[in-house]
Each structure stands twice: as structure tokens, then as C-alpha cells.
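Based on these hints, arrange chain B on the given structure of chain A.
Number of protein chains: 2
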Amino acid sequence: MLTSRSILSALALAASLVASTRSDAQTATAPRQVSATSQLPPATYRPEFGTMWTFDAPPLDYWRKTYNFAPDQKWLDHVRLASVRLPNCSASFVSARGLVMTNHHCGRECTASSSPPDSNYIATGFSAGTLANEKKCAGLYVDQLQSIQSVTDRVRGAITGRTAAEQAAQRSAIVSQIETECNQQTQLTCQVVSLYQGGIYSVYRYRRFNDVRLVMAPEEDIAFFGGDPDNFTFPRYDLDLTLLRVYENGQPYAPTDYLKWSAGGAGDNELVFVVGNPGSTGRLNTISQMEFLRDRQYPAQLAAYRRALDIYAQLAKTDTSAARRYQNDVFGVANSQKAVTGYRAGLLDTASMATKRAFERELQARIAANPALQAQYGGTWDAISRAENELATFYPQLRYYGYGGNTTLLPMAAQIVRIASESGKPDSVRLAPYRGQGIAQMTARLTQPVPIDTAYERLSLAAQFRAAQSELPASDPFLRLALNGRSPDEAAATLVRGTRVGDPAFRQSLLQGGAVAVAASTDPMIVFARGIDPLNRTVTARANALNATITANSEEIGQALFAAYGTALPPDATFTLRISDGVVKGFPMNGTIAPYKTTFYGLYERSADFDDKDPFKLPERWVTRKNNLDLSTPYDFVSTNDIIGGNSGSPVINRNGEVVGLVFDSNIEGVSNRFIFSTAVGRTVSVHSRAITEALRKMYDGGRIADELQGR
Amino acid sequence: MLTSRSILSALALAASLVASTRSDAQTATAPRQVSATSQLPPATYRPEFGTMWTFDAPPLDYWRKTYNFAPDQKWLDHVRLASVRLPNCSASFVSARGLVMTNHHCGRECTASSSPPDSNYIATGFSAGTLANEKKCAGLYVDQLQSIQSVTDRVRGAITGRTAAEQAAQRSAIVSQIETECNQQTQLTCQVVSLYQGGIYSVYRYRRFNDVRLVMAPEEDIAFFGGDPDNFTFPRYDLDLTLLRVYENGQPYAPTDYLKWSAGGAGDNELVFVVGNPGSTGRLNTISQMEFLRDRQYPAQLAAYRRALDIYAQLAKTDTSAARRYQNDVFGVANSQKAVTGYRAGLLDTASMATKRAFERELQARIAANPALQAQYGGTWDAISRAENELATFYPQLRYYGYGGNTTLLPMAAQIVRIASESGKPDSVRLAPYRGQGIAQMTARLTQPVPIDTAYERLSLAAQFRAAQSELPASDPFLRLALNGRSPDEAAATLVRGTRVGDPAFRQSLLQGGAVAVAASTDPMIVFARGIDPLNRTVTARANALNATITANSEEIGQALFAAYGTALPPDATFTLRISDGVVKGFPMNGTIAPYKTTFYGLYERSADFDDKDPFKLPERWVTRKNNLDLSTPYDFVSTNDIIGGNSGSPVINRNGEVVGLVFDSNIEGVSNRFIFSTAVGRTVSVHSRAITEALRKMYDGGRIADELQGR
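Line by line, the protein sequences give chains A and B.
Numbering-wise, the working numbering puts 38 at position 37 of the first sequence, and it's gapless, one number per residue.
Numbering-wise, the working numbering puts 141 at position 140 of the second sequence, and it's gapless, one number per residue.
Derived from the structure by calculation, the hints contain no laboratory data.
Note: identical chains are not told apart, hence a pair may lie in one copy or across any two.
List time: in silico DSS-like cross-link candidates among lysine-lysine, alpha-carbon distance up to 27 Å:
| hint | residue 1 | residue 2 |
| --- | --- | --- |
| 1 | Lys614 | Lys627 |
| 2 | Lys318 | Lys586 |
| 3 | Lys586 | Lys614 |
| 4 | Lys318 | Lys66 |
| 5 | Lys261 | Lys699 |
| 6 | Lys627 | Lys699 |
| 7 | Lys136 | Lys699 |
| 8 | Lys261 | Lys136 |
| 9 | Lys261 | Lys137 |
| 10 | Lys261 | Lys586 |
| 11 | Lys318 | Lys618 |
Next up, chain A with everything else stripped away, as it sits in the complex (with noise of 0.2 Å):
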């Protein structure tokens, strides 16, 4: 579930990955010096680079100007440690007593395995009735950002190299060398992070609290109300809750800065801020890049939805335990083309893409305005755009030499014929995937019993050939393997069956046999593997070539944007620690108006609507206890901040640095904010913390932990 519900955490983790991942690229040109900004016109606010503002630079004339709210050291330093980092979320203390606030979905995992034997809270819910019953979150930890320090001459100063790939190893070591002395030094957990794409360097140290136990969890139904059609949506009546607990030392650790509870919550037009930890967002990528996305991958990507719901809408029509069988798989791939579908409106409306152009021509000015910056970094846009452009030219090959959508036969296959001409190499020239232990974990899984559903297996490669038939030459190689003459449903048929791959004890033999047994093999799948290997790895190291090239002339373009507008810009989600403001407001929808804030009314409006059917089924507790609870309370509300995967969990705080709500989606509008961030209809969607001690009070026989809260 969490894959296909997760547009605020599923990025977070490859977000995680962000510093150590930039470490390792390859850079084409040393780093100089940068020049000083004071040469250019002053730089401002620009709404569409969103308003993810680092600690250590928040936006204090832009605050003051717009909202007439400048905050203080203090109130900056109180709620930045107030504010904690999970593994994948966001989370924040909200109590003297070391309560922490999260997200149903970023506690999901805690929350099932702290359910006894006979029971499940993922269904029953689960809320703790005193200290003793709080349970034990195992493996799960609270980050806490102690501090910021900036480290980018010393990271700049190590890197000394000529070649991209000597470059790269000094950055890792100096990385590694920060983050280690620093650990030695404070004790703290330390990162190095790269901002404006290696335009900037700073060490994030942080505190780790690694006794976290739950203490309260809702209903999945209620939490996720709605289900996978309501999500990425607003109006919404999700509970997306789960509270947990810090100790030390065996007892409630008192945090020395914790969020107070607002008395009333949200308003309508109300300044908020988010704190959170964004994953990952675009807004640097280059208007060639965007292009591409726009006009090549994404339609790719939707293209390739579209083939696998297809195909599942035919299983379910022959076959009636298809539909429940491939009910994940569907919900999965459908919210996949909501997020790509999303995103790919943003870089359809003319009207963004004329800002971000506008951008990138007032940058390319302020660039040209200086001769050393020019010198450095005029030519990096046009870099970028003639290697996506060379991209594009062979593009449907990148993607239809490769080994079968989603099917499992065919890749076996293929990395079966791969290993028997990987293994044969010395570890330091193999493909990456194949060196180190590499082999041996393939071969491992490979020898195991895998489920093949034969029916997936040969509509999903017949579509797969039927697509490329239509988007590849006639003459192309892969569809002479491929086809040969037959038709894609033929040839589909054919391969699945008469191949054994689907046999562990055969895939096992040719392991075995190794580059003989592979070559002699007349198995039909490894025929066909053995025939587009060559092919795959042609383009595959073609377009890894380009994509070093675009990789390393975006790192010149984040420096040259750092210099230009220093922090006047916020740099792009790394999975760090952020400030968003934003204001409570409402939006155009469908023809009407989309209100600020929902009630309980809407929660059992939609319930009934639905006559009370899965997704919209509410559990028990709410339909038994409905009477308790004041049904015009604020349940979800939105607002203009700026999020995206990382930020479930972040808590939005007003003015007085006190909880209003509990961010936890985004809507479908706000999807597009990726690349190119705008209030006309994106929005945070947050749970009000109104509707938060409601239900603890009502529902959940939460006093003690409603109380506990509120200050009572």
C-alpha cells in the first residue's frame, strides 16, 4: 500500500540518497572560484522556485514584506528543534512529555508489527490507555536538527582532480571525512548536503532518539478515508494520524522544544508554515529537460500505464478472482498516472512554461553580464539541451531493447544470459549491477521458486511488442528477435510457451553451466535474451554517456544559480530540513469552488454517498460513536505551502509557533508544483488539529493524550 498511496513519502527515500548519490557523479569540468554576486542587479523572491527555505537562510525581508511577520532567532531555533526527521517522514514533538506527531501511513509499519498475534491495529486501530501499554517501535528513530554549518570551501578545496572520475572520488572522501570527524567531534549523526545542485555544501548535524514507541493509531480506514481514488485530492476526510512516543532512559523524554497546541487551529486566510523534510523536487532542471520529460518520457511512462491497466481490465474480464487478485497492482499503477499525469500538466501549461523560460533567459542575462561567469557557465544550457536531444533520437530503442515491461520471464532470462558473460570478466570492467557481491545475490534469487502467472506474462509482452512495432522502424533489429514475421500475440504465445525459464531447476542449469549452457541454449526466452543483449547494452551505454553529460553540466547550473542569486532563491528538496509559508485558502475546482476546510459532516456525506462501500467504509467506532462527536468540526483543511514527498508528517504551525494541522497529501493540482511551483490551485492537504483532539476525545478514549496535548 504504501508504494501506491505515497506521493509525500515514496521519493523521500531516494531523497535520502541525494548527498551521497551527487558524490558519485561525474563532473566534466573542475570547479573554480565563483565571483561575487555584487557585479549583478539584485536578485528577489520568484514565486515559481516554490518556498523551501533552508534554516540557515530563511526569507526574513520577503516574511516581513508579505505577511508582516518576521520571526526571531528564537522563534526559528524553537521550532526547528521542535521539528524531528523519520526515516522517510516528517514528524515534529508536540508535548513536555516527548509525544511526536506523524502520519498514519509513516507509522504504518510500526504500527503492524506492534500488533499482538490476534490482533491487527492497521484495522482495529490501536490507542495506548496509560505509559505502560505504549508500544515499542522496533527499529525506527527520531532524527533532530541540531545545526547547519556550511562546508563548501572545504568540500571545493579537496577537489583538485582533472577527470570527472578523479573528481568524483576526492568529493566522496572529503564528504566522508566531514561527516566522520564531525560524528567523532559533537556525537551527532552528520550529513554532508549538497543545496543548488553542488552550488552550495553544508553539514547537517543531527541528535538520534532510537526509543520510539507508538501511542496512538487510527483505523487505516479512517486514516486513508477514501482510499486510492481520493488520494492526491481535496475536498478530503482522512484521520492521516499516528502519535508517538520518545524515551530515554526507559522514561517520556522531555524535549526542550516542543510545538504547543493551538486553541483554535486553522483559519481561513491564515499565515502557516510547513517544517518538514521535502524529498526531491525539479525546479532547477533546465526548459530541455523539462521538454523532454514533457514530450518524451512522461508520455512514455503514461503510454506504458496505459498498456498495464489494459491488461489487467482483460484478466478481470476472463477470469474472476483477477480483479481482486490485481487489485494492488491496479491501485499502484493508477496513482502512478495521477503523479505523472500531474506532473506533466505542469509542463503542459503554456503559462508556467512561459515563467520558467522567462527565468532561464534573466538567469542566462545575469550570467552573460559577467565575463568569468559566462565563461563557466554559458554554455551548460546548450550542453544539457544537445544531449537530450541526441537522447531523443534513439529513445524508443532505450526503451524497448530492454527486457518486457513488467513481466518476471523474460528478465530472468536476460540476466541469466547477462551473468554467464558478466562472470567471465574481472570485477572492475563488469556492468555496475554485476560487480562485488552482485552476482552471487542474482544467482541466489534466481535458483528460488518465483509464482509466473502465464496470462500476465504473454498479454504484457504482446502489448509490449505491439508497441514498439509502432514506435520502432520496420526494419529495427529488436522486432525481427522479437517478432520474426509473427504477429506480437503470436510471437507472445509463443515465447511463454515453449521457454522453461519459469523452472527453477532449469534456471539453475544454466547458471550452472554457465556461457556454454547459456550459448547452447534453445530455450525460446533465452534465445531472445541472448539476441537483445548486444542491443541493450549499445544504447544502454550511450545513453549513460549523455546522462553524465546532463548530470554534470545541471551541477554547473546550480552553481551558476547559487551565484547569481545566493539563498534569495531556495534550493531544491533534499530530504533536509525546511520552512514553507503559505496561507489557509481554498481553490477553483471543477467548475466551483473548493472550500479551505472540510467537517465530520463530509466524512459521513461521503460514506453515504457511496452507500457506505470500500473505500468509503467507515469502521465501526465511527459509525457507533457518530453521535458523540460534533460533526461541524474542521476535519481536513488546505493550504498554499510548498511540499512534496518527505513532508508527510510535517506539522503547520501559525504565527506563534503552535500546531494547526498535520500536513499529510498534496492534491492532484499541486502535483505539477514539481518542476515549477504555483498557488493558483495546488495545495497542502493537512488534518486540522481540531479534528485531531475531536477524535482522540470521542473516538479513541484519548483524554489522557488529548489532554496531554493541549496542556490540560
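Below, chain B without anything else, positioned relative to chain A:
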């Protein structure tokens, strides 16, 4: 309010004039006998033509195949006789004692005018406690369709002339003669209706009831809850209901046929029929006509709405009372913008247009397969396309050589100028509006005082000039007259400041002075209007000629369609009785699913969402009596039936002919069904029958009326 709200009634009045307008239309070629369709391949149901079936050609085979339902003639006669027409809406008999159900906005005039001097039933609602309290609706009548008879041969036979003018006069004469004869013979109200754009003619005979009384109408705040923002949308929470009663000889009329009340009301996925009088559709428009609308006319209209809204916004900035003063105008423009955006959305949908294009090719192929048909109709599409293309060449001129958008001063000046010249001509050669009593009526109006909002006049003229400047070539004579080297703002300010046309005495002096006074006037607005006059005459005459060609060829295409398909396709709407099949069904919306129904929970939710602010404010009774209600009662619902303006107040019935709902709107997605019908997302929005009885009993002390509806 009527204009701003009523997609379902706005078009009905115009549509009610269809037959007479049609008989005035110019036809360039003589009608010929249409050959039998038996030589053509069988024609079948085409979903894009919708489901507005006439009662003399119900699609029994299609219904049987699709729903396994084939009503007998008795069912059809019963349903037809239970359905009635109001002057601009639809309605139905729903009790043995003559209760008539229609929409609140259809009975609005009666509700308003029957309020006693110290009361306003629009605001307070009204429910007659006894028969004696029912209030006479002055001037309101209901028409009940008694029979339909084809008169195609008789109309065609009477048209023997060779010129368009002769044919139009002959058609008009025979239509009048048939209507008069019918009325004399039957004592019924008779109307000759032209279906399929002249493909066939039928006489519709109505029994008219003139004693109609108001029984019950809720508060407008609940009938039109959500106001203009929610208009054309779903989910929806409106009790858009008026109950009337037909009297005969001072006693409640006992109709031979009335619709019984369904016990359960509309259920999900249930087959339902809408029986009513759709006003006007454009599904027989050719591709070139649709393209003209899509690419020329609608974009121009939308730009004009945008300009108007910008002006209102600008006025509201400097004048705090302006926002309130212009509120109705703003809503009106915003709703037109919604509707036209919807119409255009359908034409922008490439899949819909591909369907339409395929149909046009199929129809052309059917025509081409028969030499006689080909000779008569083969050239019509090209003739229309040529005319549209020529119209496009001077379309900006046609729009700007006019009289200043929605201003007051320039149109008055223009009328004064034109009266001066037209009054000197013989009546028969004058421009049409200036014939007969035209000039006398205009003169009377022009001498009355009219409030002039100079700030609005100035901004609106300036916006018009600015738009003209951007669309017309720099050398255009209109621009020279309007601007004469000044900026649009300067030019507009000079005109409005300098003119005395706002003064009724000044207007009277010019009208009295006639051509001499007008020619001698140096008033800048008169000078400007004098300059535009010949420009306007030239482009208007040219456009009229092209439109006559389009009209004449459109009639041919209607005949061709009927020749090729007969009644397998329903004719375009003509504000006459139709029966449309559909199913109760939610739809994909904004990334999630819109349910098939709402409940009273949702009413309280939406009101609470907006903190009970207008237009989401609940009438007092709905606050104080809330606990009386079963909040889970179905309130509004959606179905795939095919409706348009004129269908307001139509009953929704089930297979048993029982009332399950009351049509009151289309969702915004359904607005595009005007040209190409689709059930993908377009929906008919109705009040659920259970909401009506629940509200009557629990809110309006209307047990008497609910019992009567439910036959208790």
C-alpha cells in the same frame, strides 16, 4: 438571476420560436422528394447524437438491446400525457389531484408575484397548508401534448417557389394554415415543428391549462444552494423544486394520467428516463461549423467575458460599493464563461471531434452511394465550409465594427444616427429592426432617462479599442476613427468626457432634428457613431448573406440525414417533448470519483466548509429543524440522460413510470454535450424523490402534500 443560473431554461425561450424562425429562413434550393432509404446499408444508433427521442419514434429495438426494456404504447402514452410544458420549462403531473412538479427557478415568477406585500416567498419559502391557501399564478399555463402528426408532405407540397424569399413565404403560410386549421378542428394549441433542420415537419397538438396555482416552493437559498459557484456542477445540494396545481372550474384538476411516486427513488446504476422539452442542440452542425465556433466565435466570446470581468475587478478596486453593484453582472458573465468554456471543451476534445468527423464521412458516403441524393446534397458541406472560411476572413471586423461591447452611450449614439438615415427610407427597404413600429419604439426608449456609469463606459470602451487594436491591421478604418493616434484609454476617456449623449434632452433634440441635426452634430460620440455606421453596414450585409447560405445548406443536411438514417438518430432539440434514456451513475472527477448521489449530510458539510457564508448560507428553518431530518436521505443525484436548456423541471422516472427524481441542471462536464453527446463524464443533475418528501414532511409542515405525492 434567471439569466445567470439557467442553462436549462435560458435557451428554451429562443428554442420555442424555432418553427417560426425556421419558416422565415431563406432556402436557396427547391425541396425535392427524398428517395427511399432502403437502398442504403441499415442505419443504427450513434451515441454522439444523444438520446432525445420523439414520442412518435421511440427507439424500441435499441432500448430492448441495451436495457432489456421495451415499453408498450400504453406506457408511452401514459408518460407523454403525464408530462407537461411550461412557457420556458418542463414539468409533470404527479398526483391524482393535479399537482405539477417543476423547478424552483421555473416557478420563480409565480412565487415572487404571489408573495403578499409584507412578505417575500423567494426568501422565506412557501407551503400552502390547505387547498384554499394555494396561490394563483397570474399568466402561467401548462401545455399537455395530446398528439403528433406528420405534415411533411403537406408542407413540402406547398413550397413551389424558386427563390428563397418565395419559399420562405410559402412555408410560413402553410405552417400558419396548418396551425389554424388544427386549432379550429381540435380546440387545441397547435404548433408545426421542423425536425432534422427541415428533414420532416410535424404538428404538435397541446391541451392548455390556464389555472395554475402555487402549492409549495422552498427558500431560494436552499433551492439554489451554492449559488452561481456551484451552478453547473456536481456534487450538489439543491432542493430546486416548485409544486404547482392545475385547477379546472375552480377545483383541482384530476388528470387522466399522472406519474406515481417511487417508493425508493433513484438507485445506483438504475435505468431512468427523463421526459421533457430540451430547447436547442447543435449536433447536426458540420465539422466546419464546429471548427468556426471552436476557433473563432467562442474564443472571441471568451475574450470578451475576460475583458468584462477584468473591468468589474478594476472598478471594485477603486469603488468599494462597485463589488456589490456589479455582483449580478459578474455572476452572469462568469456563468456564460462557464457555459461557453464547456461548449468549447467538447469541440477541443480530439476524440469527440474524431467521432464527429467519422460520422460526417459516413453520412457523406451514404449520400454518395445514391446518385439522386448525391446530386441534391453532395455539395452542401463544401458550401458551408466555404461560407465559414469567408466569414473568418473578416470576423474581427464583424465583431469590432459594432457598438462597444456592453456599453450604453455608443449604442445610443449609433441608434440615433441610424434612425436619422433609416426613417427617410420606405419601410420595406429599411434594415429589419427599423421597420414597422421599430423606430417609434426606439425613439420612445431613447428619450427616457437612463443611468450612465461613466467609469464603466470609459473602461469598457477602452478595453474594446485595445482588443480591436490587437486584432485589426494598423491601417483599419475603425481604428483610425476610434483612436486617431491616441491610446485606447485616451480615446475612450475623450469620448465619454466629451459626449452629451447621456442627457435625454440632448438625445431628444437630435431625434427631433433628424438627419440634418445628426449630420451637423459635433458631439464626439455622434461623430464616432456616424463614422462607424457605413463600416458596420458593409460587414453586416456580407455576413448576413453568408449566414443565409449556411442556413440553407444546413437545412439540406438535415434532410440528407433524415434521408440516410430516418429516425434511427434523434433530431436536434426543438423545445418539444422528448424521452431520453440513461442510467444513474457517478463519474470520474478531478482525480477521484464523483458519487452517483449526495445526501443531506453534504448540505451541512458544504455550508460548514464555508462557515455558513453566502451563497452557502442555510435558511433558518434548515438550521433550527436540522435534527428532524434523516441526514442520510439521498438529496441530489446524477444520471447519463441527455438534456439541455428547456429540460429544467423534467421528471426522472423508472421503468414503472414512477417519479424517482426532478431534473434541474447539467454538470459542467455535460455542457459540451451541446454538439457531441457523450456519457463519459457529462451528467444530468436531479433532485432525488426521497429528498422531496423528506423535506416536505420534516421542514415544510407539508405532510398533506407528501401524502398526496405518495398516494397515501
